[in-house]
Structures are given as structure tokens and as C-alpha cells.
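**Q** Top to bottom, those sequences are chains A and B. For the first sequence, the UniProt record's numbering puts the final residue at 212, and the numbers step up evenly by one. For the second sequence, the UniProt record's numbering puts the final residue at 510, and the numbers step up evenly by one.
Mixed in with the good hints there might be a few duds.
[To be verified] Think about it this way: if two alpha-carbon atoms lie no more than 27 Å apart in a straight line, the pair counts; the simulated DSS-like pairs of lysine-lysine are:
#, chain 1, residue 1, chain 2, residue 2
1, A, K165, A, K29
2, A, K151, B, K286
3, B, K206, B, K189
4, B, K286, B, K348
5, A, K29, B, K271
6, B, K348, B, K271
7, B, K271, A, K151
8, A, K53, A, K170
9, A, K29, A, K151
10, A, K131, B, K271
11, A, K53, A, K29
12, B, K286, B, K360
13, A, K130, A, K151
14, B, K242, B, K286
15, A, K130, B, K271
No lab work stands behind these hints, which were simulated from the structure alone.
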Amino acid sequence: MSYAYLFKYIIIGDTGVGKSCLLLQFTDKRFQPVHDLTIGVEFGARMITIDGKQIKLQIWDTAGQESFRSITRSYYRGAAGALLVYDITRRDTFNHLTTWLEDARQHSNSNMVIMLIGNKSDLEARRDVKKEEGEAFAREHGLIFMETSAKTAANVEEAFINTAKEIYQKIQDGVFDINNEANGIKIGPQHSPSNPNMPSPAGGGSQGGGCC
Amino acid sequence: MNPRLQYGLLRVDKNRVRMAKDYYGYRPDIATDCYDTRTDRCGLLRHVIKPVYGAQHPPIQAMPKGEEKPRGNKRDAFHDFENNTSDAWDDGEDDLLYMANIQMSLKDVRSTAKAVIDNHSRSVNAHNNRLAPKGPQGQYTAIPSATSTHGAGPGVGIRLNSGWQPPKTTPIRFQKEQVPDREAAKLEKFRSVLAGPNTDLDELKKLSWSGIPRAVRPTAWKILSGYLPASMDRRDPTLQRKRNEYFGFIEQYYDTRHQELHQDTFRQILKDIPRMTSLAHLFQQKVVQEIFERILYIWAIRHPASGYVQGINDLVTPFFVVFLSEYIDNDVESENCDLSSLPEETLKIIEADSYWCTSKLLDGIQDNYTFAQPGIQMKVNALKELVKRIDVPLHRHLEEHGVEYLQFSFRWMNNLLMREIPLRCTIRLWDTYQSETNGFADFHLYMCAAFLVRFSKDIQREVDFQGILMYLQNLPTHHWRNEDIGELLAEAFKLKYMFADAPNHLSKKS
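Next up, chain B with everything else stripped away, as it sits in the complex (with noise of 0.2 Å):
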């Protein structure tokens, strides 16, 4: 056995981690050399194939409960998971002596960022000062103190005996634009990219593991997304011809919304819009709620696999949100834009590229949604073994209070961490996940494992289920900004990077 990974594995990891926190977030090059093509190291949770029911229409027999699989032999596990992470490590060597040349310039990036801070908080407060009165009940929020942990957060943020709180809506930007050299000279490379005649994928995702810049993100997103095609002679047509088909669908399906057999969904699409609080003011505009109402109708009766599940609105606002800062003035928070000065015809195209980008990220994780919702049991059951071997205290913690899992992890499975961090922080997500393979299936099982220990201290100060649960229910993530998902992105690879050769490991149930 090789003792480096018997003993050294969590050490060696977290000195891993913690330089690649420290910049990951500004150096794509190295983010990306991490980015790995190859289907197979993704494959954790590829290899169950569960039969596919209507969420709505559930089979006639009842499926089995919880199906127990055998325990595997912990030892044989431990075997198979150091003989397929044994190169890894190897590789890992390579990575560390890398991260230790580059040393020099970190002193760099530290004050550069530092200045960049300091640029968004004046820039931010000027702004709130200058928009301030013009919002009824705070409607522009402020960055809210650090030290207000039970703010009513991104997530739903009740239910801590606060007091009476607003619903806060969160802005996707917090300040105009500070463009410093390094992201003029990102946004110079991603133009490149994006405007030669063939779009080079690997490049492209590349580049954007690491963040896009809001500029390009649109293009970039819908290329990453499989919907705009790599070659740009074929952009345009394309375009038209999926706008076309999608406003084609709307002519010949829309109409059966009333019939008996759709009517309840579509009373449910009805009932959801106006409930989504991630963008109350832009939720209220009757344009936006139709938008939403047609996107979602005609993909949930064009899949009716899965049918519309709640959650799969959320999934619908980033694209939304992107596609519409295309459109608008760069200091109008999209939040507070009123769409109705929009023509026609531009929502009509935000409406098709949100409906084809929606339904190629759903392709992707169809089985979250089946019957039974296979694909979040399993990921949840994933996250869990997970856990259990990153921070056992935690993981200890968790079990000796009787906190499941699924207590807490079903919504982040469900809505994709939409719930539990504000919308911008979403979207930087989303750049890495598009940019991953499988990235909103298998990426996100790591993200998510990342996302709960980073919690962990605080987990383990509350001393009663209650207790524990209240404060997953309520993340303080309501200040959060791109770096915080940057640090999570970088810890969220290491893990794959240790675990993803070994899926088998992880799918022992023990």
C-alpha cells in the first residue's frame, strides 16, 4: 500500500487546496489544465441506468424502496480506490511543483485583488447612497453586514426568530465594472476565441472554468451550452432556425394548456412564477411571468418523462438573466429593469435562447426529476460517502444527531445550490459548469460536497439537530461574491480529481 495515501491523503489535499484557493480564480490556465475531456473520470454517477417514469404519472407498481445493495469489503474498497487514484497522486506531484514556481506572482494577485475590493466597496456604497431613496423598502440592497448571519438569505431565510424581515431581493452585480489589466486582458482572449471562424470548445471551456467575463458570457454561454454551434458561419442560421422552431412549438402546443390533460401543469407553472423570490421585482412584471409560463409549459410537455417539477423554474432564470444583460444598459441592474421598454422582438429572442439553454442543461440531469427523482437519490447517497470521507468529524456530527442528508441536500440537488446562494453567485457557477462535463450532474456532487464542509465549523458549534438544521436551512451565504464560488470551485476539483477515477469506491454503500 502506498503509505503517501494512507496517511498523507486529507494533509496533502488541504496544502493542495489551499494554494489553489489562493488562485484559482485568476489563473484560467491553471484551472483548466485541470479540466479533463475524458468521459470516464466523470463517471460516478453515469453507470446506473434507472427506468424512467412521469413524476406525475409514477408507475403502476410501487418502485422498491431504498434498494440495499449488498455492503461491499471495506478493505477491497480501500484497494480499488488507491490502485485508481495511485496516478492521480502522481500527477499531483506535477501540479504541486507547478503551484510552487508560481509563488512569485501570488503576492500580485493578493494586492491586485485587495485593490479591486476596495474599488467595488466605494463603488458600491456610492452607488447604494445614490440609488437609496428612489427604492421602496431597500428594494436596492446594500451588501448586508458580514455580521448579519440570519438575514433572510438567498436560500428562503425564515424561520430563525429574527423578527420581521422584507424579502430581500440580492443584486446580480454589485458594482459597475472595475476593469483591471488581467480581466481586460481575460476578456481580450475570450473575444478572440469567440470571433475566430471555428470556436476552439477546448479553449473556450477553458478559459471559462474560471469565470467569464459578463461581456462575452452570453455567447460564451450559449456555446458552451451546445446550443450555438462552434462555427460561426453556421451561428446566425442556427439561431434563427431554433427561434423559429421554438416559436413554432409555442403555436402548436400552447393552446392545450387549458386541456385536461395539461391543465394541471400548467395551474402549477401558474402558481410557482409569481412565488419565486431569487428576483422578486422581475417576477412581478407580467411580460417576465408569461416568458416563464411559456418556457416552462412547452418543455414539461415536451418531456413528459419528468413532467414540470418544481425547481426547474429557478433553472430557467440564469439564462433568463444572461441572456438579458445583452439588451441592457450595463448600470441598470437587470433585477430593477423593466422589461416592458424592451421591443418586442429582443424578448422574443431572450425567451428561444432560454427555453433551448434551459432544456439542454435539463438533458443533462433528466433523472433529478423522474419519478421517484432516482438522480437526486443517488447524489445525494454520493454526497454522503463523500463526506464521510473529506471530514469524518463533521460527517460524525451530522450521524450522532440524527441529521440525514436528504434533510438538507435534497433542495441543493433539486434547484442546483440556486436556493442556498444568491442568483450572481449562480451565474459564476454556472461559467464552471458549463465549462465541466456533465458538470450540472457530476460536477455539482462535488461542488456540493465542497459547499457543505465549508461550513463544517460551524455545523459542529451547534450542539442539537435543531440547531444544525436551522443553520443548513439558512447559510450565511447572503454576502457571498464570485471568489467565494471561485475558493468552492477549487476545492470542488481536487475532489474530483481524487474521486472521480474511483466511482465505484464511492457507490459502496456501507
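Same shape as in the complex, but just chain A (with noise of 0.2 Å):
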């Protein structure tokens, strides 16, 4: 399918808060209750519409448990967007995310668009970490935050959908170098040979190249 912007994501963050649910809401619409263990990566896609264009995201679901840094590190690179994810009812994965954005800011490159997410935000009753926690953490960082929920599907797309539209901003500031693939942006194929300003990416049709 035709799409004018391919952009790469990652989810990261603590062992079981969510992060295969949250992208298997997203690109399916529906929710599982027991979801097997993620190993290694995994992989996700779906088109969404920005600003009227089309855009490809391509989404590598990573696995929490510290074994499988090693694996999943090399997938930072070539990634333009960043979902860091943790649970609202377990305090412990909040606790971590400073390890976690350390490793994201040292393993990606620098304009990587990072969304913190607070899951599970229909536990309410169960509820660990105040919503004004995340909000200041995000803040702090410099991150953008919104706290969602992969059950009842509540912010979901907005979470996927606004870390795009942050990295379609960048693009247009400029800040973006978007002719190398290592940005985990690409252009769409059909779309380089009309704009004069957007030189064709190595490789013309074909997909993917380094990493992922």
C-alpha cells in the first residue's frame, strides 16, 4: 500500500506492564487477557493518517526482562519514535524508568520522539503510581505522557498517533534528517520522484535495510 512517511517504533519498558497488549490493541483492535510471554522482538504494523497523509508505522514490540537487553538494545537504532511503558499498579515499574530512559537515550539517536505511558489505567482500584507522578516524570525528561489502557482500548491510538504526529512536526522543522534510514524514517516510495526536496531513499522500493 501506498504511504508517504514510514516511521519506526520500539516499545520498551518493565516485564509484563502491558507492552505486546498495548500494540496488539492497536494494530488489532481487540485485547488478551493471558498474552504469552514476548521473547526477543516482535513485530507490528498498521498505516494511520496524518495531516491528510498517509503514514506506515512499523513497530518492534521488545521484551522486558533484562536477559534480552542485549538483543533488544540493537533495535534503538532505526527508531524515530519510543513508546516507554509502565504499570500504574506497580510502583517498582515506575521506579525503573530512569534505567530505561538512560539505555533509550544512549542506544538511539537524538531526536528519537519518546511517549511515556502509564498502563493499565483501568485499575484504578489498584492504582500505584499517581496519574501527577508521570505527568511530572514526562515533564522532567522531556517526554510526552498520557496514561492508557490496553483492555479498554482508552488512549490507545491517541498514544500511537501522537507520537507520530511529534515526529511528523520534527520533519517539518527540519529537524529530522529523513534520507537516512538510521532516523527510522522513511519516505514512501511513490512519493520521492514527485518532490524535488525529497531525494529517493537508497534502495527505491525495497523495505526495511539496516536493523529493522
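Got two chains here, separate frames each, mind docking them using the hints?
**A** Quick look at the structure:
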């Protein structure tokens, strides 16, 4: 299918915070209460529209367990957006955010847009991390923030789409070098020839390249 | 240079594989001629010794990333390969002649197989019809139609836009055993090998390579894994001692699970077990969860070099299910069995035996789970080298679209294909793995290559990165039976035969 841009995402965060469920809700619009553990990385994709333009999202969902870190780290490079997820009912997953953020910043390109997500907002009764705390953390570290529920789908679309909007804005502002695929952005194959300002990406119609 | 090798390699191999496909499953004697006890034949992966760090306790200095070996001279590599395999090809001639001689029996095999399959589908239908009203949401899953390639597969089966589907459980068996004569004869052979005062291990491996009958599988697996001694006299005392030893571990270590040092490990295990979907019904039972918690925790703290790594949990399941099958009525699917009805003593036996056999298995693939998972990285690389040689168009297709082998085969290695095929197929697969030297490490690699190539055409039909990845993540294996595994094992064996003598050839990076 044709698209104007392709953005690559990575989803990170502690084990069991709902990364795979968020992705499944976003790509398939369904919730799986028992979701098998993610081993290494798994892949998902969906098309969205921003500013009247078709944008393809390719998303790497990573395993949260520390043991897989050496594998999952290689997926930071080449990602334009990251969803950093914690579980609002488990404070330890919030406490680990700093480590995750350091890891992400160290291994990604400096312009990567990071969306902080407090997931499981449907479990209000078991809430262990206040919304204000999430907001404060995001403010302090320059992230976008949302609370979501993969179960009820609340804010799930928005989380993925707002991240894309931010990336799109950065492209408009000329912050991203869109000719460098390592930034996790690709121009759609049919769009480059019609626009002299957008040189054809290397490899023509072929997908991917690099690690993801 | 041997011209046969130069041009005939793939062609000859295809013939052999095709023939092998036709009867491997039914001719254990042929299959096992192939069983090779010489360890150097499986040396593909064994030469590299890496430092061992706990997966969760990395070394202070980061490991160097992707140590690039200097690129070898291709012509030399091929020359080595030729030298190393030329005798294999001579052997192959005999094999071919032998195969030609048994063509006659193929007809019998085919007709028997057809009869068996027909019987199976009839009894399955009857079985499902009988059970269907009892289960909520298709708990008793019928064989999915062969056309539903997008079902919630034995893997994760997600992220295809096929609408909501409840997670399915796959029956371990499709049907009540219909035992044709051939199967009965096989069972008899097993019984006599197992009943002797001293089980001939080579004989047992030969028999087991092409599949172990359900009735003798628990005992055969315990012997093959090295848990149960070959000597009949020593079996009972050994079992007694090992079971006591395991429960000694629990007494000694299990209380440490809440200590600061170990609580992360235990929490991870606690989180993971209810999320195991291979036998969803079973893993929702508290008694099963607790058994797995103990097995995994004890193993983890006794193996600090790796600790508990996700995926290891899956590896306990086949042992657990097979050992459980000894104690439940043949007609009850283990997945639907309520374990609280079993005596505590029985559950303890199953638990201890599962622990020891899993532990033996893991001994052979420990570097899959140590820091940075070098065993997996090595195997993924070897898989790439292998496929590059046996299926050039497929390899090119993957490369052209920027698909990396690590992206799809990491899970194949980490979970020994358990996420990709139904549990009953894994059990069949392990009959063979346990009959091979280093089956879970070396032979698994060849199996993965055969597995990938099996989908070669379908993968090449996908026109972009996304399509390929999605397909590889949701391979249509939900309906697979033992026969599908048998075919792949025959192909894997051929690959081993071709390549295991040429480890250097494969390890060359290019």
C-alpha cells in the first residue's frame, strides 16, 4: 500500500506492563487477557493518517526481561519513536523508568521521540502511581505523557498517533534528516520522485535495511 | 574438483530428501542408520567456548559487539567443504541404492498411512462432536481447517487483522490411538528394549529417532535424557534417590525466594507462568502453577551462570505433559485434565522427574541463556550460513527486503521452536532430539533450516519486509501432525549429513 512516510517505533518497559497488549490493541483492536511472554522482539504494523497523509507505522515490541537486553538494544537504533511503558499498579515499574530512559537515550538517535505511557488505567482501584507523578516525570525529562488502558483501548490510538504527530512535526521543522534511514523514517516510494525536495531513498522500493 | 558436487549437490539432495520424506516416518531402521554417535560429526557449534556470565549479572565491561572474524577465502572454504563431504557423498550412493530397493514397500506405507489418516479424522470428528457441548468457547478445539492460515497459531498468532479470536488450546493428541500392525510391532520392539536387564542405548536411540509410541514415551525419555540408568536394577533406586534429592533442594532453597537477592527471579517466574498459553487450561490451575514455580526457581538458583530466562519455562512443559500422561486415562486430553484429582505423591513424582529431565536438557544448551545469549547468536548466524547455501532464492529474498535472521529466528532458538509448532509436534520432535547427540543444540539448527525452507515459497510470495515478518511470526502450523515433523526431521537429517562434517565451512562469515 502506498504511504507518504514510514516511521519505526520501539516499545520498551518492564516485564508485564502490557507492551504487547498495547500493540495488539493498536494493530488488531482487541485485548487478550492472557498474552504469552514476548521472546526477544515481535513485530507489528499499521497505517495511520496525519495531516491527510498516509503514514505507515512499523513497531518493534520488545521483551521486558533484563536477559534479553543485549538483543533488544539493537532495535533502538533506527527507531524514530519509542513508547516507554510502565504499569500504574506497580510502582517498581515506574521506579525503573530512569534506567530505561538512560538506555534508550544512549542507544538511539538523539531526535527519537519518546512517549511515556502509564498503562492499565482501567485498574483505578489498584493504582499505585499517581497520574501527576507520571506527568512530572515526563515534564522533567522532556517526554510526552499519556495514561492508557490496553484493555478498554482508552488512549491507545492517541498514544501511537500523538507520537507520530510529534515526529511529523519534527520533520516539518527540519529537525530530522529524513534521508538517513538510521533515524527510523522513510519516505514512501511513490512520493520521492514527485517532490524534488525529497531525494529518493537508497534502495528504491525495497523495504527495511539496517537492523529493522 | 568433484563435478558431482559442483553441480549436483542440491539436485541429488532433493531427490534423496523427497525419497526420505516418503518413508522416514515409517522406517525407523533407515532413519537410524543415520544416527551417528561420533561426536565430531556434530561439531558445528561446539568449538567456540565463550566466557560465561549470568544473563542477569553481566560482566562489568560490556562484551565486544559482534566480533567480526576476518572473511575467509571463499575458494578455500569451498575446497574444504568438498574434501570434508566427499565421503559423505559416497555413503549417499549406498543410501540411494538401498532406497531404490524398498520402493515396493512404499505403496503399502502410503495406503496404510491413508487408512490411518482417514480413521483419525473420523474419530476426531466423532470425538469433537461428543465433547463440543461441554467446553466453553471451543475448549475442545477441532482440527482447524487447512485453509485458515491466519488462526491463532501455536505461536502467538496475533497481529494479523483477522478479527477477534479467543486463544486456542491445541490438543496434544488428535485422536484415540488407532494402532495399526506396524505401530504395534514398533511398540513391541520398544517394550523389549526397555524391559531387558540392560537397555541398549544405541538401540533405543535408533528406535526412538523416528518417534516413540505414547505408551513407552515416559520411560524412553527418562532414559534418553540420561536421567534413568540403562540398567534395570539401578532404575528404581536412582529414581528414589533423585526424587529425594530434588525435594531436598526445595527444603534447602525454596525459602530463599523472598530474599532480596532472589526475589526478582521469583517474581519473574510468578508473572510468567500464568501467561503460558501453550496449555492455557492447565496453566490456570494453581497446583500446576506451583509445580512450575518450584521447578523453575530451583533450577534458576542452582544455575546462576544463566539464571531464569524467559523461554526456559516453556521447556519444562513437554516433560511435564509426557510424564503426566502416564497417570491419566488415555482418553483424557492432558490439557483438560484436572490435576487436583491426582494423588499428591503422583504429582511429586512428575514434578521431580520433570525437573531433572529439563535440567539435563538445559545442560546441553546453557550458552543459549548466559549473558548476551552467545549460543543463540551463534546458531542464528549458522542458520543464515546454512540457508544461504541450501536455498539461495529464499536467502536473497530475505536480504533484499532487509529481513534479518535474528528478527524471526531468535525465538526459534530461545524456545526450541515451541512457539512455532503445536505442543504435540514438539513432543514428537523431542523424540528425535533426544536420540541425537546434542540434539537440542546441533540438530536443532538443521531442523530450523529445514523448517524455514519448508515455507520458502510462501515467504517469497510476500512482497515486502512487513509481509515477510508477519508471515514468519505467524506460520500456519496449527494443524500440523507428527507426519509434518517427520518430513522436516528427514530433511534436517540430510542437512546434518551434508554439513556436519564441514563446520568450518559454515562458520565462515561472509
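**Q** Which of the numbered hints are not met once you compare them with the structure shown?
**A** As far as the earlier hints go, not one is violated by this structure.
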